[in-house]
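Q: Now for the letters of each chain:
8 protein chains.
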Amino acid sequence: MDAGGKKKSCITLNIMKSRKPFAFARVDHDRESRRGFPEVIYCAGKSPAQVIAIAREILSRSNQLLASRATPELARRFCRVFRRARHHSDARMLVVERKPIPKRGGTIAVVAAGTSDLPVAEEAVVTAETMGNRVRRFYDVGVSGIHRIMSIRQELQRCSVIIVVAGMEGALPSVVAGLLDKPVIAVPTSVGYGTSFGGIAALLAMLNSCSSGITVVNIDNGFGAAFAASLINRQIS
Amino acid sequence: MDAGGKKKSCITLNIMKSRKPFAFARVDHDRESRRGFPEVIYCAGKSPAQVIAIAREILSRSNQLLASRATPELARRFCRVFRRARHHSDARMLVVERKPIPKRGGTIAVVAAGTSDLPVAEEAVVTAETMGNRVRRFYDVGVSGIHRIMSIRQELQRCSVIIVVAGMEGALPSVVAGLLDKPVIAVPTSVGYGTSFGGIAALLAMLNSCSSGITVVNIDNGFGAAFAASLINRQIS
Amino acid sequence: MDAGGKKKSCITLNIMKSRKPFAFARVDHDRESRRGFPEVIYCAGKSPAQVIAIAREILSRSNQLLASRATPELARRFCRVFRRARHHSDARMLVVERKPIPKRGGTIAVVAAGTSDLPVAEEAVVTAETMGNRVRRFYDVGVSGIHRIMSIRQELQRCSVIIVVAGMEGALPSVVAGLLDKPVIAVPTSVGYGTSFGGIAALLAMLNSCSSGITVVNIDNGFGAAFAASLINRQIS
Amino acid sequence: MDAGGKKKSCITLNIMKSRKPFAFARVDHDRESRRGFPEVIYCAGKSPAQVIAIAREILSRSNQLLASRATPELARRFCRVFRRARHHSDARMLVVERKPIPKRGGTIAVVAAGTSDLPVAEEAVVTAETMGNRVRRFYDVGVSGIHRIMSIRQELQRCSVIIVVAGMEGALPSVVAGLLDKPVIAVPTSVGYGTSFGGIAALLAMLNSCSSGITVVNIDNGFGAAFAASLINRQIS
Amino acid sequence: MDAGGKKKSCITLNIMKSRKPFAFARVDHDRESRRGFPEVIYCAGKSPAQVIAIAREILSRSNQLLASRATPELARRFCRVFRRARHHSDARMLVVERKPIPKRGGTIAVVAAGTSDLPVAEEAVVTAETMGNRVRRFYDVGVSGIHRIMSIRQELQRCSVIIVVAGMEGALPSVVAGLLDKPVIAVPTSVGYGTSFGGIAALLAMLNSCSSGITVVNIDNGFGAAFAASLINRQIS
Amino acid sequence: MDAGGKKKSCITLNIMKSRKPFAFARVDHDRESRRGFPEVIYCAGKSPAQVIAIAREILSRSNQLLASRATPELARRFCRVFRRARHHSDARMLVVERKPIPKRGGTIAVVAAGTSDLPVAEEAVVTAETMGNRVRRFYDVGVSGIHRIMSIRQELQRCSVIIVVAGMEGALPSVVAGLLDKPVIAVPTSVGYGTSFGGIAALLAMLNSCSSGITVVNIDNGFGAAFAASLINRQIS
Amino acid sequence: MDAGGKKKSCITLNIMKSRKPFAFARVDHDRESRRGFPEVIYCAGKSPAQVIAIAREILSRSNQLLASRATPELARRFCRVFRRARHHSDARMLVVERKPIPKRGGTIAVVAAGTSDLPVAEEAVVTAETMGNRVRRFYDVGVSGIHRIMSIRQELQRCSVIIVVAGMEGALPSVVAGLLDKPVIAVPTSVGYGTSFGGIAALLAMLNSCSSGITVVNIDNGFGAAFAASLINRQIS
Amino acid sequence: MDAGGKKKSCITLNIMKSRKPFAFARVDHDRESRRGFPEVIYCAGKSPAQVIAIAREILSRSNQLLASRATPELARRFCRVFRRARHHSDARMLVVERKPIPKRGGTIAVVAAGTSDLPVAEEAVVTAETMGNRVRRFYDVGVSGIHRIMSIRQELQRCSVIIVVAGMEGALPSVVAGLLDKPVIAVPTSVGYGTSFGGIAALLAMLNSCSSGITVVNIDNGFGAAFAASLINRQIS
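Protein chains in written order, with the numbering used here: chain A, 65 to 301; chain B, 65 to 301; chain C, 65 to 301; chain D, 65 to 301; chain E, 65 to 301; chain F, 65 to 301; chain G, 65 to 301; chain H, 65 to 301.
Since the hints were made in silico from the structure, they are not lab data. Among these hints, one or two may not hold up.
[Stated by the list, open to error] Each pair of labels, with its calculated beta carbon distance range:
no. : chain 1 : residue 1 : chain 2 : residue 2 : range
1   : E       : R148      : A       : E137      : 47 to 55 Å
2   : F       : N127      : H       : Q218      : 55 to 63 Å
3   : G       : R162      : H       : R200      : 53 to 61 Å
4   : A       : R217      : F       : Q218      : 50 to 58 Å
5   : C       : K167      : D       : I216      : 39 to 47 Å
6   : G       : Q221      : B       : E137      : 44 to 52 Å
7   : C       : H93       : F       : Q218      : 52 to 60 Å
8   : G       : L123      : F       : Q218      : 29 to 37 Å
9   : F       : K163      : B       : P136      : 57 to 65 Å
10  : E       : S111      : C       : S97       : 35 to 43 Å
11  : A       : R168      : F       : A113      : 49 to 57 Å
12  : F       : R222      : A       : S215      : 51 to 59 Å
13  : A       : R217      : H       : R200      : 22 to 30 Å
14  : D       : P136      : F       : K163      : 32 to 40 Å
Yeah, the Cβ is synthetic: ideal placement off N, Cα and C, and Gly gets one too.
Can you make the complete structure from the sequences, with help from the hints?
A: Structure, rendered in structure tokens:
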């Protein structure tokens with residue numbers, strides 16, 4: 065359409081590429097000492113190059129690396145660079161453990177209402193395990209068949225923290241918490257349609273539970289629930 | 065307060081008062097033949113005089129009268145006019161039954177999650193009874209103590225329609241419906257605070273239930289749930 | 065970019081694949097005895113492999129199988145495995161009926177406001193028929209031409225339950241319910257644009273109907289409406 | 065509690081009182097020539113003194129005065145000052161007509177769904193009449209008894225503009241517009257409870273009507289609907 | 065992938081295809097006599113085959129056909145079947161006019177705030193012209209340069225109805241209506257980002273205008289605004 | 065209107081009064097063994113008589129009683145009946161401790177952003193203390209003066225669980241959690257105006273915190289936060 | 065109901081009263097040096113005693129005191145204690161100026177759309193003046209009469225910052241900003257009804273303005289707008 | 065594709081193409097004199113041809129051109145036409161500066177909370193620089209590591225206006241504003257997931273900041289923040 069339309073005619077400027085990594089990120093190396101775990105990379109909205117540069121920076125001083133919301137494409141590129149990386153595809157997470165954190169405290173239970181909630185539940189499992197916790201899975205125990213929950217009650221009571229993952233009407237945490245004297249962290253998921261509003265229905269149910277003492281994290285935030293559970297579990301000997 | 069402040073100086077015009085009742089209402093006398101029950105008066109937003117005028121009109125052709133959302137003040141005035149009226153103060157309803165409708169069909173169960181849900185549950189009870197149904201109450205059986213529901217399961221299974229009234233997280237209908245092969249009509253209530261948003265949390269939970277076949281009515285609409293239950297129950301011999 | 069970028073370098077872990085089906089699902093085999101119909105598979109958010117594994121498990125003990133929200137791709141794979149499967153493409157449903165449930169009770173009417181509402185209406189039809197009900201369709205009878213509804217009034221009155229499917233302003237259930245003494249289950253659809261907000265306008269209209277006794281299900285939930293209608297219809301001899 | 069707590073110790077400053085009326089209002093005297101009717105006073109949020117001062121200013125150059133959302137208390141004070149004022153208490157309006165505008169154009173119909181919608185309908189009636197239009201009222205013709213609308217169809221078709229006032233599910237405008245070839249202006253009202261959300265349900269229904277050509281005004285805005293209808297009607301000879 | 069994976073093994077059922085057109089649509093042939101214009105096809109959510117079948121049915125009795133929200137793909141197929149069809153690609157509309165409606169009444173002005181609002185404005189223009197109205201366009205006159213509106217004031221005042229199309233903050237109708245004594249129909253568009261919420265910001269601004277007498281249609285509903293304007297304009301001689 | 069308007073003419077029926085306490089409540093006596101603390105009475109929406117009846121029932125088997133959201137009027141009546149009751153008026157709570165629970169575990173910190181957040185913070189303090197925890201208060205340390213938080217950092221790090229109470233923009237939990245390796249439970253309050261939407265702004269901020277591991281409870285739910293903190297703290301020796 | 069019901073039987077505990085002021089507030093004395101003005105008291109949600117205690121603390125080190133959202137009752141009590149206090153009743157503000165800040169920089173214009181917006185506009189005026197700015201008022205210049213804005217354009221252009229206060233559709237800032245090269249700070253007010261949603265309509269309009277460079281504060285936040293304007297104005301010599 | 069399917073049969077009409085540029089745009093050439101900078105092109109929703117035509121028109125009278133929200137595809141086409149154009153790909157902006165505006169006033173700081181916020185921050189940087197301002201970047205200083213902000217406090221205090229860009233909980237502006245006596249303009253970004261609601265969580269936090277004097281722009285509106293900052297900065301000598 066334009067003879068001689070050489071690309072040169074367009075001067076493209078991109079701070080991300082033309083500058084040093086530190087132009088876009090200040091890795092908080094002090095975080096491991098303050099919070100007990102190094103900075104975790106939230107991959108959404110970052111280019112593979114950015115994720116890899118930040119990961120390199122973190123691993124220059126830490127033995128652990130956790131990256132969440134990793135696409136398959138990112139995972140492929142990441143694993144080429146970091147040979148010890150593991151890609152948990154269900155959980156959409158990347159993990160590098162040069163020296164695993166020894167297991168401490170009690171056991172964290174991850175309970176999921178339905179099969180569609182598994183990506184979020186697995187994000188919680190991978191996070192909790194990488195942070196040095198023992199984890200047990202209890203999947204597909206939604207309230208439409210209440211006997212499934214009753215049958216695992218004793219096992220849950222033996223855990224120190226319970227993460228409950230549920231979409232749709234988000235009723236499962238209320239039932240579970242009503243049976244136990246352990247802290248329950250509820251994770252609403254975006255599973256559902258129509259008036260589930262991408263997880264809002266479940267979130268509201270969890271915030272308004274008639275069972276006392278449930279705390280809640282953001283929709284689909286399996287990572288955050290496991291991080292909180294780990295902070296609790298570490299203090300339990 | 066104002067010397068010579070004669071009211072005459074202000075010409076007040078009010079269609080409600082200066083005209084005949086028919087200026088503001090066209091009573092649908094045909095409704096009883098079409099729908100099996102005469103027009104029900106929704107009192108909110110109507111003056112006592114209006115409610116009484118409409119009630120007179122309805123009773124000129126029907127043996128039953130039901131009025132919902134009646135304030136105590138309205139009830140007092142109403143009962144002075146209609147000697148056979150009963151005021152169900154919990155339910156905020158007024159009933160006139162010149163000739164009660166004979167009981168038909170099966171039994172309607174009214175299940176309520178907590179004590180605060182009772183006004184709505186009682187609205188359902190009074191409506192269902194006035195429309196000629198047998199009713200059983202099951203109150204304060206919320207999911208924070210799941211054994212309470214399990215213990216009434218057999219009794220519920222013997223009913224033909226189940227109305228479940230719940231506020232807060234609205235989880236009770238999911239659990240009840242999962243146990244039975246009877247139609248469950250869920251009534252969200254405005255019980256709760258903060259993110260219950262006046263009953264929206266409960267409503268969304270009910271609309272998104274993982275237990276199949278729950279249908280839902282408006283927040284605090286005990287009347288509507290009972291009306292629907294009655295339409296179902298009448299067909300069951 | 066990376067010499068020898070062999071895939072091996074990336075250790076991928078996936079609970080869905082590496083474990084047994086029971087890692088992600090606990091089929092509720094008791095459901096058929098409790099609720100009168102086996103577990104129904106909601107396909108959204110499940111992989112074809114998961115759907116097929118769960119279907120196998122259900123069919124190991126039941127004669128019926130119903131799966132909703134099936135994509136064409138899933139349907140193709142499903143039908144290769146289950147030879148007796150039928151794919152209702154309008155309804156986005158998969159059905160396996162080894163021994164059809166005999167027809168019982170009255171007839172369920174499925175009324176739809178417009179042509180665009182048909183996928184949801186057909187989901188209701190297929191569900192109701194598979195659950196052993198007689199069904200009649202009344203399509204494209206929206207309120208912009210009110211005579212269309214008036215002309216089917218007598219036929220509707222002969223049915224035992226009426227499912228009304230409508231998007232946009234969702235006015236049809238109010239008009240239909242005002243004409244009959246049968247239970248009306250309203251299904252809002254996501255048909256519309258702008259302030260229809262994906263079906264919320266229709267949902268709110270149905271929840272706030274001035275015609276008494278309408279009950280409502282989630283947006284686009286033809287399946288749920290038919291499930292509820294079937295629970296009602298079974299009790300009517 | 066404080067010896068000598070004389071009021072003097074508190075210096076109170078109030079721009080509303082200490083300055084001239086023009087400190088708080090610039091009456092748009094040119095409006096009558098531009099828009100065909102003088103500025104209308106929206107009383108909500110204004111003190112009686114402010115309303116009266118603005119009214120005086122308007123009447124210094126116009127023969128008509130219309131004030132909406134007047135409380136009974138304001139009306140009392142207003143009528144003491146303006147002897148020719150009429151207070152339409154249903155409509156919450158104050159009118160001063162020194163020389164009524166002659167009737168022009170066709171007739172405006174004001175149709176209301178239920179008795180509770182009357183304050184809004186009357187606001188429309190009073191506005192339209194004051195602006196020089198012939199008006200006909202059709203009240204309590206909601207869609208739960210559709211025959212009521214059918215019976216007034218011919219009368220409506222003879223009007224030039226139809227204002228339809230409805231709360232709850234707001235279905236009436238769709239039915240009315242579907243029957244006529246006249247412009248329909250829909251007014252949602254805040255009548256209802258729960259998910260009517262103070263009139264939002266009705267508003268959304270009206271904006272999403274499947275009947276073409278309905279236009280909509282703000283919730284409870286009977287005044288605005290009549291103003292628009294009057295601008296239309298004036299052009300019709 | 066599956067030996068013998070013959071398609072036959074999958075029985076596909078599709079009501080849309082296997083039945084007659086009348087299985088999915090009841091064309092309202094009476095509409096032209098009631099409303100002055102035949103049924104208009106809203107193409108979204110309908111297959112090309114459905115649109116064409118409905119169009120044939122309408123044209124079997126009418127001389128005009130209007131179809132909105134037509135994709136380019138649909139337009140191509142449609143134009144192959146109906147040789148006289150015109151495709152207004154900006155407006156996303158298809159028109160067949162066997163015998164154009166003669167121009168009547170005054171002129172309809174279509175005013176648009178910005179260039180991005182043109183698809184909606186053109187939908188209004190095409191609709192109004194097809195329905196037999198004279199139309200004038202006034203584009204790109206948003207309030208950030210208020211002199212642009214002032215300069216067209218006299219021309220607008222000579223029109224009988226003003227359609228104002230605006231996205232973002234939707235302020236243009238308030239300014240236009242404040243200058244004229246003609247009816248203003250406001251059309252919010254989904255132009256904007258972030259808190260424009262797909263046109264809600266503009267819609268709310270229009271519903272809350274401080275200029276009296278503006279009426280509003282659904283977001284992006286240029287068709288509806290023009291339909292309403294045409295019902296008004298037809299009555300003006 | 066009615067000579068001799070004797071009250072008798074009105075038959076009032078009230079299930080709350082005419083039946084036994086068990087008509088409206090089923091106290092869950094098993095809860096103390098399951099959850100480690102007896103049922104807590106949420107007073108909102110219950111009559112004083114109901115609260116007192118339920119309290120009697122609970123105290124018939126437990127040594128502790130906690131009642132939240134108690135109005136001053138209820139407190140007065142309650143304290144007349146239960147001589148050992150204490151009324152925490154800031155916290156709107158009633159406490160009866162026949163035999164205080166011995167202090168166990170670590171210390172719970174209650175941090176509040178501003179003076180207006182105190183009622184919620186005090187609800188957390190009273191709950192935590194009654195449930196057998198040591199508590200420390202840190203009030204008025206909002207982020208507009210960040211040095212206030214920095215100065216208490218060491219003290220917070222010595223606690224085992226941190227409850228952070230904040231209204232308005234709800235930023236305090238993010239800052240606090242970023243400094244510590246202890247679990248942080250965030251409580252949004254309804255302090256604010258306009259777009260604080262009764263606490264929604266603060267709630268959303270807390271759910272979306274960039275500091276990992278924060279969990280959240282309902283708006284103004286100081287009780288729930290303390291209950292959760294107590295379940296955590298009990299496990300820490 | 066209880067013989068000898070002495071008040072003593074109820075032990076009331078109240079942290080607000082029983083402890084020192086510092087139990088509920090940590091006055092940020094450093095703020096004046098950091099931000100150029102001492103801490104401002106937001107009175108909503110604080111008791112008169114609390115406000116007075118905090119005011120004393122602030123005045124122990126500063127010459128200025130500003131308190132917003134003061135009720136008349138609070139003002140009366142406040143003025144008894146602080147003899148130099150002035151109560152701006154329109155603005156709902158309390159001011160103590162021991163030594164007024166000298167006027168600096170340019171002039172701040174406060175523009176208000178309608179008479180009902182004055183309380184918010186006056187809050188801005190009082191704040192700006194107390195913080196040492198010259199202020200000019202331009203009231204009742206809403207867009208329904210656009211000539212009113214045009215007539216003050218030159219005066220506005222001579223000011224250094226423009227605060228524009230508007231409710232309803234919030235269109236005024238767009239028009240004003242389009243005329244000037246000065247920073248415009250928009251303040252939405254809660255003036256309006258129905259879909260104004262307490263100021264949200266105006267807020268959204270302001271955030272989505274087609275006029276570049278408008279910044280916005282919370283609904284009814286005249287104080288915040290003036291604070292920002294003052295930070296700007298101080299830098300202008 | 066279709067033998068004989070000649071395109072001729074479809075008459076396509078497109079106002080955008082068939083008419084002159086002025087059919088869709090009226091460039092506001094007076095804007096540079098009124099507002100200090102020529103019209104800026106918002107590219108979203110405009111075709112490349114439209115953008116280029118408008119750009120030509122602007123450059124016929126101005127030396128600067130700024131276009132926002134440019135896709136890479138648009139940039140490519142644009143740069144072929146305008147040889148001096150620069151494409152800032154991070155910022156999604158196109159700039160033509162025939163004669164750069166000389167730097168005036170103080171320095172504008174652009175502070176960003178996280179790496180994902182950079183596209184918005186860069187939009188602010190490019191806008192501010194093109195409008196003749198000195199700019200400093202401070203990136204990745206979110207509140208989860210509060211020391212990062214503390215370390216740049218002195219540098220920020222030396223700037224004249226601070227733009228703070230943040231997604232998720234949007235807490236950064238509160239902390240920054242609490243430390244300085246400079247105007248802070250907050251830009252919420254759509255970074256986040258679940259209840260971040262595309263930037264609403266951050267927006268609300270910023271509108272409800274407890275730090276006085278923050279003003280806010282639309283979500284992701286880096287351009288608007290910089291435009292406002294520039295209007296401020298120009299006045300500071």
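Q: Hint by hint, say whether it matches the structure.
A: Checked hints:
1. Judged by the Cβ atoms, the range 47 to 55 Å given for E/R148 and A/E137 holds: they are separated by roughly 50 Å.
2. For the pair F/N127 and H/Q218, the beta carbons lie near 58 Å from each other, so the given range of 55 to 63 Å is met.
3. Between G/R162 and H/R200 the C-beta distance comes to about 38 Å, which lies outside the given range of 53 to 61 Å.
4. A hinted range of 50 to 58 Å is violated for the C-beta pair A/R217 and F/Q218, which are about 41 Å apart.
5. A hinted range of 39 to 47 Å for the beta carbons of C/K167 and D/I216 is consistent with their spacing of about 44 Å.
6. Between G/Q221 and B/E137 the CB atoms are about 59 Å apart, so this pair departs from the stated range of 44 to 52 Å.
7. The hinted range of 52 to 60 Å is satisfied by C/H93 and F/Q218, whose Cβ atoms lie roughly 57 Å apart.
8. Distance hint check: the CB atoms of G/L123 and F/Q218 are about 32 Å apart, consistent with the given range 29 to 37 Å.
9. Distance hint check for F/K163 and B/P136: the Cβ-Cβ separation is about 43 Å, which falls outside the suggested range of 57 to 65 Å.
10. Separation of E/S111 from C/S97 is about 42 Å and conforms to the stated range, judged on CB atoms against 35 to 43 Å.
11. For A/R168 and F/A113, the Cβ-Cβ distance of about 51 Å falls inside the hinted range of 49 to 57 Å, so the restraint holds.
12. At roughly 41 Å, the beta-carbon separation of F/R222 and A/S215 lies outside the given 51 to 59 Å, and the hint is violated.
13. Take A/R217 and H/R200: their Cβ atoms lie about 59 Å apart, and the range 22 to 30 Å is violated.
14. Remark: the range hint 32 to 40 Å for D/P136 to F/K163 is contradicted by a beta-carbon distance near 59 Å.
When the structure is compared with the earlier hints, violations turn up for hints 3, 4, 6, 9, 12, 13, 14 and for no others.
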